[in-house]
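Given chain H, work out where chain X should sit, using these hints.
Going down the list, the protein sequences come from chains H and X.
Quick note on numbering: the first sequence equals residues 1 to 217 in UniProt numbering.
Quick note on numbering: the second sequence equals residues 1 to 217 in UniProt numbering.
Hints listed in this document are in silico derivations from the structure and should not be mistaken for laboratory results.
Take the hints with a grain of salt, since some may be wrong.
Treat identical chains as interchangeable: a pair holds within one or across any two.
[To be verified] Below, simulated DSBU-like cross-link-like pairs (lysine-lysine); rule was C-alpha separation at most 35 Å, straight line: (1) K110 with K50; (2) K136 with K50; (3) K50 with K5; (4) K79 with K50; (5) K61 with K5; (6) K110 with K61; (7) K61 with K136; (8) K61 with K73; (9) K61 with K79.
Just so we're clear, the structure is a prediction, and the values are computed from it rather than from any experiment.
Residues per chain, in single letters:
2 protein chains.
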Amino acid sequence: MKPMKISEAVVRRLPVYLQVLNDLHMRDVQTVSSQELGNRLDLNPAQIRKDLAYFGDFGRKGIGYDVTYLIEKIKQILKLDQPLNVALVGAGNLGRALCNYNMYLKDNMKITAVFDINPSMIGVSINGLTVLPMEKLAETIQDLSIRIGIITVPAAEAQNVADQFVEAGVDGILNFAPTILRVQDQVRIHYANFTTELMSLAYYLNEEENEDEADLD
Amino acid sequence: MKPMKISEAVVRRLPVYLQVLNDLHMRDVQTVSSQELGNRLDLNPAQIRKDLAYFGDFGRKGIGYDVTYLIEKIKQILKLDQPLNVALVGAGNLGRALCNYNMYLKDNMKITAVFDINPSMIGVSINGLTVLPMEKLAETIQDLSIRIGIITVPAAEAQNVADQFVEAGVDGILNFAPTILRVQDQVRIHYANFTTELMSLAYYLNEEENEDEADLD
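Bound conformation, chain H alone (with noise of 0.2 Å):
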């Protein structure tokens, strides 16, 4: 298969259909139109059709796409299908709640190994794993073939986490702490903060009173 290059739009959508695909996976569903998708994931089911159209012709009219083969699809595509190991650097209560969620992170991904600052933290197990001195991340990372770092240390010092990533050899970092941060541009970046997704969450709460005051016009 040629390799192509999908927008990154696309990519960030790809997991979400992969999460509904698994739960209705989980579900005994076998088929799954482009219109149930839609409805799950409030996207227009002429969207879904595009996206996944870039894979190839998937769905079959009149019965929709086959769960089961579009779940390995897009796994592949996005190479869900090879072992991902993370690292994360910040064992406060984030990074205990991440560790402890590792069970969901299906399909070969997942955190191993755990590092912080805090003297106190070294050697403390989160669920089954030891947290680490930072001493030990280079060296780590290079062991474990680690891709990923997560950052969940606060804001303050996640720049130089970052750096200390990077340094090491990850491709890309997920960061939780609320700063935006600088690094070389072969290294991605993904930033999580639910801020933003309770600041989207707020437009639409008050999109009543935006219609209110057009009244009042």
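Coordinates of chain X only, in the frame set by chain H:
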């Protein structure tokens, strides 16, 4: 100003713009071009100009956008100039992390009530908030005019909590549990799922390998 229907994609980008603008504001930057915003956000400058043009003509050719003015305008559009009270159910590691994150929730948006199902958690104080029993949910949501609920319970309990939130009258839910929720159409659900962020990151990490494969064709 006439109200308008803004696309979901734009609504999702506005908080991200706001974050970058707040960051610039903290660094005493007074104006910013769509090109600079584009560099910081990995977005096409034309896309940014189009998004912001929705709300009037903010930018000035050769000068760019006034940072303070744009911040105020986006807050207004997202209705973040009004108080927005949020309730959280599930005082585990993730719930506690979000409560501790409360100070970063600027712009009147605050977690003002925390609940848990586990009796041993009731009465515990987290960042100034006392964990309440679920029996207090409906009453507290009324009393504090809470419009958004955050769910940080295990997947198996999430639907039950969502039903109670909807019953109590919230307009929106931010769900962190790794499961799809079913609610009435008028209640909006956003999913905060770090798995999807990790998965889309994985796509980019593997791009080089994609290209290697292409060479073998």
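Here is what the structure says about each hint:
Proximity of K110 and K50 under a CA criterion of 35 Å is satisfied intra-copy only: 31 Å inside one chain copy versus 39 Å between copies. Taking the shortest alpha-carbon separations for K136 and K50, neither the intra-copy value of 45 Å nor the inter-copy value of 46 Å comes in at or below 35 Å. With identical chains, the CA atoms of K50 and K5 are at most 35 Å apart both within one copy (15 Å) and between copies (23 Å). In this assembly of identical chains, the alpha carbons of K79 and K50 lie at most 35 Å apart whether taken from the same copy (21 Å) or from different copies (33 Å).
Taking the shortest alpha-carbon separations for K61 and K5, both the intra-copy value of 27 Å and the inter-copy value of 32 Å come in at or below 35 Å. Neither within a single protomer nor between protomers do K110 and K61 lie at most 35 Å apart by alpha-carbon distance, with minima of 37 Å and 48 Å respectively. For the homomeric pair K61 and K136, neither the shortest alpha-carbon distance inside one copy (54 Å) nor that between copies (50 Å) is at most 35 Å. Only within a single protomer do K61 and K73 lie at most 35 Å apart by alpha-carbon distance; the minimum there is 19 Å, versus 46 Å between protomers.
When the C-alpha separation of K61 and K79 is checked against a cutoff of 35 Å, the pair qualifies only within one copy, where the shortest distance is 28 Å, while the shortest distance between copies is 43 Å.
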